[in-house]
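Undergrad: Sequence:
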Amino acid sequence: MNPTTVAIRAGGTRAWIELRQAFTSTQGLLNLFLFPILILIALFFMRHGSFHETGLKLGTLALPGVLGSVLAFNGLYWMTEYLVLDREDGTLLRAKAIPNGMVGYLIGKLGASAGQVLIQVAFLLVVGGLIVGGLSVDGVGGWLTLAWVVTLGLLAVLPLGAILGSIIEGARGTFFLTMPLMALIGISGIYYPITVLPGWVQALAQVFPMYWLGLGMRSALLPADTVVVEIGQSWRHLETVAVLGVWALIGLLVAPMVLRRMARGESGSTVASRREKALQRAY
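Its first residue numbered 1, the sequence shown is counted upward by one per residue in the numbering used here.
Treat the hints with care, since some could be wrong.
To be verified - Below, in silico cross-link-like pairs of lysine to any residue (SDA-like), each with a Cα-Cα straight-line distance of 20 Å or less:
no., residue 1, residue 2
1, LYS96, ILE107
2, LYS57, PHE44
3, LYS96, GLY111
4, LYS57, LEU40
5, LYS96, THR4
6, LYS57, TRP235
7, LYS57, ASP138
8, LYS96, GLY12
Said to hold, decoys possible - Simulated restraints on C-beta separations:
no., residue 1, residue 2, range
9, ILE98, LEU238, 41 to 47 Å
10, VAL254, PHE45, 37 to 43 Å
11, PRO3, ILE41, 44 to 50 Å
12, GLY90, GLY133, 47 to 53 Å
The hints are simulated quantities; they were obtained by calculation from the structure and are not laboratory data.
Predicted model, so just to flag it, every value in this text is computed and none were measured.
By construction, the Cβ of each residue, glycine as well, lies at the ideal position given by its N, Cα and C atoms.
Hey, can you work out the whole structure from these sequences and the hints?
TA: Here it is, written out as structure tokens:
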């Protein structure tokens, strides 16, 4: 059998094992469901609020954007954290020592990250939809829109996570990454329509995937008349495809180069140095 095919199959098996392990440990369950539960609590208290004179429920407007933010934030952050931690404890070095081991490793991590994000999205969609009500998937077209937004969104953020994971050093680096990510989510119209924000903030938000993921999810899950609260009163599907597609293209082109360069620099001495630094921080 072709070595690359063997590596791909091994990566798929690794992804399945890691997903299964997430449901068999307290830490794994907390990682999967704590943040979604906190979001659901916030949505519960927002469910009766309305957006100005439109009468549209804030909870209903917020839920699709929340789903987009989970795709963007967790897809990027988890992939980053996987690489940072596995570089630090030597897992990535061991994968590098196996023929085509890096291929299997990356496929496994991409699959595990995507799977965990999709589980969170499905959980929030079902339970959140029951809490806030008002969601409306318009037939086959709505489900198809949901499918391409989720797929293109994951393609846009997972490679970026791999790039950041190859650059950032140590768990402290991933902690500081959360601050700019939360800031981007804060200006991306996730919990409140972006049209109420200043024009320059709206322009900045539209550079990044978070806003477009939220917009795409709203176009799939909300009634057609809710488009009145969006920029230009349009779902802008073509622009959504373009922006997410550009981010995906950049990530898929740059990530392999950065990963190869990072892998060449991995050695026993670098892993030992990282462990020593980690122990110094601990004490």
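Undergrad: Would you check the hint for LYS96 and GLY12, treating anything up to 20 Å between C-alpha atoms as holding?
TA: holds (17 Å)
Undergrad: Take a quick look at whether LYS57 and PHE44 sit within 20 Å of each other, Cα to Cα.
TA: holds (12 Å)
Undergrad: Do the alpha carbons of LYS57 and TRP235 lie within 20 Å of each other, as the hint requires?
TA: holds (18 Å)
Undergrad: Holds or violated: LYS96 and THR4, Cα atoms, limit 20 Å.
TA: OK: LYS96 and THR4 at ~14 Å, within 20 Å.
Undergrad: Does the structure keep LYS57 and ASP138 at a Cα separation of 20 Å or less?
TA: It holds: about 19 Å lies between the C-alpha atoms, which stays within 20 Å.
Undergrad: Please verify whether LYS96 and ILE107 have alpha carbons no more than 20 Å apart.
TA: holds (14 Å)
Undergrad: Are VAL254 and PHE45 spaced within 37 to 43 Å by their CB atoms?
TA: Cβ of VAL254 to Cβ of PHE45: about 41 Å, so the range 37 to 43 Å holds.
Undergrad: Is the hinted pair LYS57 and LEU40 satisfied, with a Cα-Cα distance of at most 20 Å?
TA: Satisfied, since the Cα-Cα distance of roughly 15 Å is no more than 20 Å.
Undergrad: If you check the beta carbons of PRO3 and ILE41, does the distance land in 44 to 50 Å?
TA: Holds: the Cβ-Cβ distance is about 49 Å, inside 44 to 50 Å.
Undergrad: Lying within 47 to 53 Å: is that true of the beta-carbon distance GLY90 to GLY133?
TA: holds (49 Å)
Undergrad: Kindly confirm whether 41 to 47 Å is satisfied by the beta carbon distance between ILE98 and LEU238.
TA: holds (43 Å)
Undergrad: CA of LYS96 to CA of GLY111, is that 20 Å or under?
TA: Measuring from Cα to Cα gives roughly 19 Å; hence the hint holds.
In the structure shown, no violation is registered for any of the earlier numbered hints.
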